[in-house]
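Chain by chain, the residues:
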Amino acid sequence: MYHKTKPYKVFTVFNYTFLILLSLLCIIPLIHILAVSFSGKAAANANLVGLFPVEFTLDAYEKTLANENFLRSLWIAIQRTVLGTILSMVIVTLAAYPLSRESRSFKRRNIYTWYFVFTMLFSGGLIPFYILIQKLNLLNTMWVLILPGAVSVWNMILLLNFFRNVPKELEEAAFIDGAGYFRTLISVFLPVSMPAIATLSLFSMVGHWNAWFDGLIFLTDHEKYPLATFLQTIIVQQDFSKVSVRPEDLENISQRTIKAAQIFIGMAPILVVYPLLQRFFVKGIVLGAVKE
Amino acid sequence: MLLPAVILTFIFAYIPMGGLVIAFQDYKPWLGFAKSSWIGLEHFQFLFSMPENVQVIWNTLIIAGLKLIGGLIAPLIFALLLNEVRKETFKKSIQTFVYLPHFLSWVILGGILLDMLATKGMINQFLGAVFGLEPIFFLGDGTWFRIVVVTSDIWKEFGFGAIIFLASLAGINPALYEAAEVDGASRWQQTWSITIPALIPIMIVVGTLSLGNILNGGFDQIFNLYNPLVYDKGDIIDTFVYRVGLIDGKFGFSAAVGLFKSVVGFVLIVIAYRAAYKFANYRIF
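These protein sequence lines map, in sequence, to chains A and B. Just so we're aligned: 18 in my numbering is position 18 of the first sequence, and the numbers increase by one with no gaps anywhere. Just so we're aligned: 98 in my numbering is position 98 of the second sequence, and the numbers increase by one with no gaps anywhere.
Heads up, a few of these hints could be off.
Stated by the list, open to error - These stretches of chain B come out as covered by chain A in the derived footprint (C-beta under 8 Å, 3 or more residues):
{"no.": "1", "segment": "4-11"}
{"no.": "2", "segment": "14-20"}
{"no.": "3", "segment": "101-110"}
{"no.": "4", "segment": "132-140"}
{"no.": "5", "segment": "245-251"}
Claimed, not checked - Some, not all, of what chain A presents toward chain B, calculated at C-beta under 10 Å:
{"no.": "6", "residue": "ASN15"}
{"no.": "7", "residue": "LEU30"}
{"no.": "8", "residue": "GLN79"}
{"no.": "9", "residue": "VAL82"}
{"no.": "10", "residue": "ILE86"}
{"no.": "11", "residue": "LEU94"}
{"no.": "12", "residue": "ALA95"}
{"no.": "13", "residue": "ILE176"}
{"no.": "14", "residue": "GLY178"}
{"no.": "15", "residue": "LEU190"}
{"no.": "16", "residue": "PHE240"}
{"no.": "17", "residue": "ARG256"}
{"no.": "18", "residue": "PHE280"}
Keep in mind the hints are simulated off the structure, nothing from the lab. On a predicted model such as this, the values are computed, not experimentally measured, just so you know. We put the beta carbon where it would ideally sit given N, CA and C, even for glycine.
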C-alpha cells in the first residue's frame, strides 16, 4: 500500500538516483585510469583526459608489453598465484576435514582448532617474522611468497563449517563400503563441497595476485618481484633504482599513460575473475559469518 | 591429515612469537638471541617517553576509530536503501559495481588515487571547475591525508560490508511487514520498528568485532598513500614498526612496539568476541 503513496514515490526516485550515483562513484576512478591509458601522451600530461580517451592510441600498452621487467614480474605473479592457491587449498582442505568431525570421534578437535585460531588473535609481528625468514634462508625464494600464508585459518574455518553441513549418512555409507578417511574426503566431501572450494580458491587467487608486501621485504633481488610488488615500487614509491632501467627508458616508465596501462593490466585478472567470484561469495560469506 | 597445517603454523606463527624475546633485548643480529644483552623494559619506556612515539599510537586510534564508525554506518545506510529497491536487476547491477573496489589491492587503488588526487589531478580539476576551489594538496597535508585515508577506506569497503546486513534483511519474516501494513504503519514506521530492531544483533557483532581491530589502521592503505610530509599525522603503529624496524634497523625497539600492539590487540579481540557471543550469540566456529 505504501508503494502507492506520494511521499514513497518521491523517495523511490531519489533513492534510485542516489544509488546510481553511488555505484558510478565506485567505478569512475577505474574508468578514468583506463581512459588515460588509451590516451595520447600529450593529452594525458596536460590533464585533458576525463572519462574518455583523448587522441586514442595503444602506444602505452605496446611499450608496457615490450618492457622486460614488467613481463618478468607478470610471469612471476602468475606462477605465484597458481602454485600458492593450489598448495594452500590442499593444506586447508586436509586440515578442515578432521576438524569438522564431532568431538566424540576426534577428541582433540578443540585443542587443534584453538591452536589454529590463536594465530588469528596473536602474532609475533613483523620483526620476529622477518628474522625467522632470514634464518630459514628463505629470502629471495618463491617459497617465502607461498608457504607462510598457506595455512589460511579463515578459509579453514569457512570450509570446516561447510563440511559440517554435509549429511552424516553420506560419510557413513562411504565407511561401510570400506573407504578410509582419505578416500571419503576425496570421493564424498570434495564433490559435494565444490561451491565452497571454488569460492575459497578464488579468494586465495585474488589474495596472491594482490599481495605485494612480502615481495617488497623478502625479495632483495628485484628481478624476482611479482607484479604487485613491481607496481608498488614503480607507481607508488616511484623508486626506479630497484628495477634496473636504462636512462633512456626512464622517461617511458614515468610517463603517465604507461603507468595507467600498468595499473590496468595489474587489475585486469581481478576484473576477469570478478563475475565468477561474485556469483559465489555472497553465499560463502554469509554461510561463514551469520549463523543461527 | 592435520600434520602439514600443524607444522606450517608452528613454524610461521608460533616460532615468531618466541622471537618476541628481542623486545626485551638490545638485539644485535650478528649476536643472535642467545648472546644479545637483556635490557628489560627499556624499549617500552622509550616508546611512552617520546612524544613522536605516542603520537603514532594516537594516529592509529584516530584513523582506525573514524574508519570503524564510517565502516559501520555507511554499509548500514546503503543496505537499507538498497533494500527498498523492488527491481531485482537494478539491485544486482548496483551490487556488482559497489563490491568491485573491495577486490582491488591498495597498490592498484593507491596508484589510481595518487594520480587523481594530485594538485593537477582529476579531483582538483573537478573541484576547481564546479566550486572554483584552489587546488588542494590532498596527500601532502596531514589533516587532508587523514580525511583521504578514512574516506577512501569507506569508499572501498562499504559495498562489501553491506553484504552481511543485506543477508540479515533478507532473513526478516515478511509476515511482520504485512501485519504492520494492515495496522496502517507507514514505510518509515515499518523501518523504524521492524527493520532496525532486526538488524541490531548483527550491528553489535560487526561493531564489537571491528572494535577488536582498533589498533589496525590499515597498513596496506597508509603505506601506499603516505610520504614524509604526513608522517606526523598519518603514521600508524604498523607503518612505524616497518620504518623503524626494517628501514632503520632498530629490531628490538620495533619488536617491542609490535608486541605492545599484539598484546593490546589480543585483549581487545578476546573481549570483543566474548561481548559478541554474549549479546548477539555469535561464534566463529
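Item to complete: With a cut-off of 10 Å on the beta carbons, see whether A/ASN15 makes it to chain B.
Response: holds (5 Å)
Coverage criterion applied to the segment 245-251 of chain B (partner chain A; beta-carbon cut 8 Å; 3 residues): holds (count 3)
* For the hint on A/GLY178, just tell me whether its beta-carbon gets within less than 10 Å of chain B. => violated (19 Å)
Going by Cβ atoms only, is A/LEU30 closer than 10 Å to chain B?
With a closest approach of 7 Å, the A/LEU30 hint holds.
Query raised in the report: Going by Cβ atoms only, is A/ALA95 closer than 10 Å to chain B?
Result: holds (4 Å)
- request: Go through the hint on A/PHE240 and say holds or violated, using the shortest Cβ distance to chain B against 10 Å.
  value: violated (15 Å)
Q. Against chain B, with CB atoms and a cut of 10 Å, does the hint on A/ILE86 hold up?
A. violated (13 Å)
### Task
Tell me if A/VAL82 is really an interface residue toward chain B, meaning its C-beta lies closer than 10 Å to one of theirs.
violated (18 Å)
| request: Between the segment 132-140 of chain B and chain A, see if three or more residues pass the 8 Å beta-carbon test, and mark the coverage as holds or violated. | output: Contact hint for the segment 132-140 of chain B vs chain A: violated, 0 residues under 8 Å.
For the segment 101-110 of chain B, does the count of residues with a C-beta closer than 8 Å to a C-beta of chain A reach 3?
-> Since 8 is at least three, the answer is holds.
In terms of beta carbon proximity below 8 Å, does the segment 4-11 of chain B have 3 or more residues touching chain A? holds (count 6)
Checklist line | Minimum beta-carbon distance criterion (10 Å), A/PHE280 to chain B | finding: Violated. Min distance 12 Å.
The earlier numbered hints that this structure contradicts are 4, 8, 9, 10, 13, 14, 15, 16 and 18.
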